[in-house]
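**Q** Chains as they are written, first to last, in my numbering: chain Y, 758 to 925; chain Z, 3 to 334.
Hints are computed from structural coordinates only; laboratory data are not their basis.
Check before you lean on any hint, since a few could be wrong.
[Stated by the list, open to error] Covered stretches of chain Y (chain Z as the covering partner; in silico rule of three or more C-beta atoms under 8 Å from a C-beta of chain Z):
(1) 777 to 786
(2) 829 to 835
(3) 842 to 848
(4) 887 to 898
[As the list claims (entries may be wrong)] Chain Y side only, calculated, beta carbon under 10 Å to chain Z, not exhaustive:
(5) A767
(6) P768
(7) T770
(8) R789
(9) T790
(10) Y826
(11) L865
(12) G873
(13) A877
(14) A880
(15) I901
Glycine included, every Cβ here is placed at the ideal spot set by N, Cα and C.
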Amino acid sequence: MADTSETAAAPRTHVSLQVNGTTREVDIEPRRTLLSVLRDDLSLTGAKPGCEMGNCGACTVLLDGEAVYSCLTLAVECTGREITTIEGLSASGELDPVQQAFIAHDALQCGFCTPGQILAMKALFATNPHPDDETIERAMSGNICRCGAYPKILAAARALAGTQAAQQ
Amino acid sequence: MNTFEHVTVTDGNEAVKLLSERGGAAGETKIIAGGTDLLTLMNASLIAPQRLVNLKAARALRYLRFAEDGALHIGALATLADLERDAGVARRLPILVESVRDAATPQLRAMATVAGNLLQRPRCWYFRGAPHCWLKGGAECFARDGENKYHAIFGASSCVAVHPSDLAPALLALDAELLINGPSGVRTLPLAAFFHEPTNDARIEHTLAPDEVITEIRVPGQPEGANGAYLKMMDRQAWAFALASAAAQLSVEDGVIQQARIVLGGVATVPWRATQAEDALTGQQLTPELARTAAEAALAGAAPLAHNGYKVPLARELVRRAILRAGSVPHP
Ligand SMILES: Cc1cc2nc3c(=O)[nH]c(=O)nc-3n(C[C@H](O)[C@H](O)[C@H](O)COP(=O)(O)OP(=O)(O)OC[C@H]3O[C@@H](n4cnc5c(N)ncnc54)[C@H](O)[C@@H]3O)c2cc1C
Ligand code: SF4
Ligand code: FES
Ligand code: FES
Chain Y
758 MADTSETAAA PRTHVSLQVN GTTREVDIEP RRTLLSVLRD DLSLTGAKPG
808 CEMGNCGACT VLLDGEAVYS CLTLAVECTG REITTIEGLS ASGELDPVQQ
858 AFIAHDALQC GFCTPGQILA MKALFATNPH PDDETIERAM SGNICRCGAY
908 PKILAAARAL AGTQAAQQ
Chain Z
3 MNTFEHVTVT DGNEAVKLLS ERGGAAGETK IIAGGTDLLT LMNASLIAPQ
53 RLVNLKAARA LRYLRFAEDG ALHIGALATL ADLERDAGVA RRLPILVESV
103 RDAATPQLRA MATVAGNLLQ RPRCWYFRGA PHCWLKGGAE CFARDGENKY
153 HAIFGASSCV AVHPSDLAPA LLALDAELLI NGPSGVRTLP LAAFFHEPTN
203 DARIEHTLAP DEVITEIRVP GQPEGANGAY LKMMDRQAWA FALASAAAQL
253 SVEDGVIQQA RIVLGGVATV PWRATQAEDA LTGQQLTPEL ARTAAEAALA
303 GAAPLAHNGY KVPLARELVR RAILRAGSVP HP
């Protein structure tokens, strides 16, 4: 876990972040990760701290539409970029099609990995509306699910892709 | 993570200036590109730079361009995902796409830069953990007689950690060179001279000076009929470093191999060029038998440790298959 305890005298930087379509201003130390700023300063707790070493995917968010690990991203380096968290997917009050597919296919158990899984899938469908199985598996290979919901996560993706497998 | 000053620069020269201030003391100021290796080292308190120079705003350093002479110019900030998705690279240098496809994960490939990938530090568990091992300035390598399942089978260094990069063996097989910006100007360095086994006086896997910045990786144009392949074995199908890997780049004319480059990954502190295998291939007709002979030659000098003997037959088979794949010879 990143040690951010010695915050007292450390200099802070004013940073303006575009999060889920709104501008958020924060005064933060440069060492703060995007994950910690989202959770601790902006109360957006959808992105989860799992390993904070690039080993689990629970912290996945979108930066300019691309899935990245927010635990290995410094928040000060995100100015001018569009940040999307799981909270941003249903900002209009309606669930995103990827979220709906997760519900329809029961693609979660404890839910810890789910925000990351959904955002990884969101990034895939944004560039490729009809991915084949291999493409889906590769795109989802950066998110671990400790509950082993993989078959249902893949089923949700196949349904969205409109592949034959989904129609069976 | 330690506190640090954070400076954003918009080109390589500015970065060099900042790196060479304060006498260019090693470790004092560090470049951050994708941050995927640097921040893991800082999170684990293995390094504590006082200043980070953010190179990502130097947008002009993110490109992939084929020059008129057929050379591929890769900007230092190009990501592994950029390489993976580029249609021109896929057509002309398939070995590069194969090398990055199974590196890390989609998220990491979107973040990780090519230059950072060549400079990443080893994954040896003693190195990444608390022990003050030889590579970190200590007296002893704990892996040599310890837990060394993932360690080296080649090399003369006191360190037996393996170089984790998948891209590096492929770039070496292509005779790539680096464009480096330093306090006294720009220099070109063959990748083969950039990688260097850690020595007592320089406990690091490369020869880049602390005040230098890589600006470009250049892959020379390949002759007509050249082709390459990269094969990687992992202990699971994704998100794992190579147990061993093999890069093969061959140029073949009328069925005869004119030039061969064979480089192994995951077997030494640096990507390991197998010159005996290259010699066995050069001037010969590519056949399944020849591939087998060359693969034998590639592993001839291997010296496995107590727990990594499996790497010898594994790497040998990867070399054999990579050669056949590069030469488009059907193989099992
Ligand atoms: C969980 C995990 C799994 C991984 N699996 C793989 C794998 O299977 N295969 C593989 O090849 N890699 C793998 N990696 C490593 C990953 O590819 C590297 O961390 C990445 O390529 C580093 O690039 P970066 O831009 O993030 O570098 P950074 O972390 O920003 O920098 C790395 C180092 O390079 C220096 N640096 C960066 N750019 C320059 C420059 N232009 N000039 C001078 N110095 C510079 C920095 O100062 C730092 O010392 C994995 C990483 C993680 C975290
Ligand atoms: S192999 Fe290298 S990094 Fe690992 S313990 Fe030995 S000296 Fe340290
Ligand atoms: S918390 Fe970021 S990858 Fe695990
Ligand atoms: S649903 Fe529990 S970790 Fe994936």
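**Q** Which of the stated hints cannot be reconciled with the structure, identified by number in ascending sequence?
**A** 1, 3, 11
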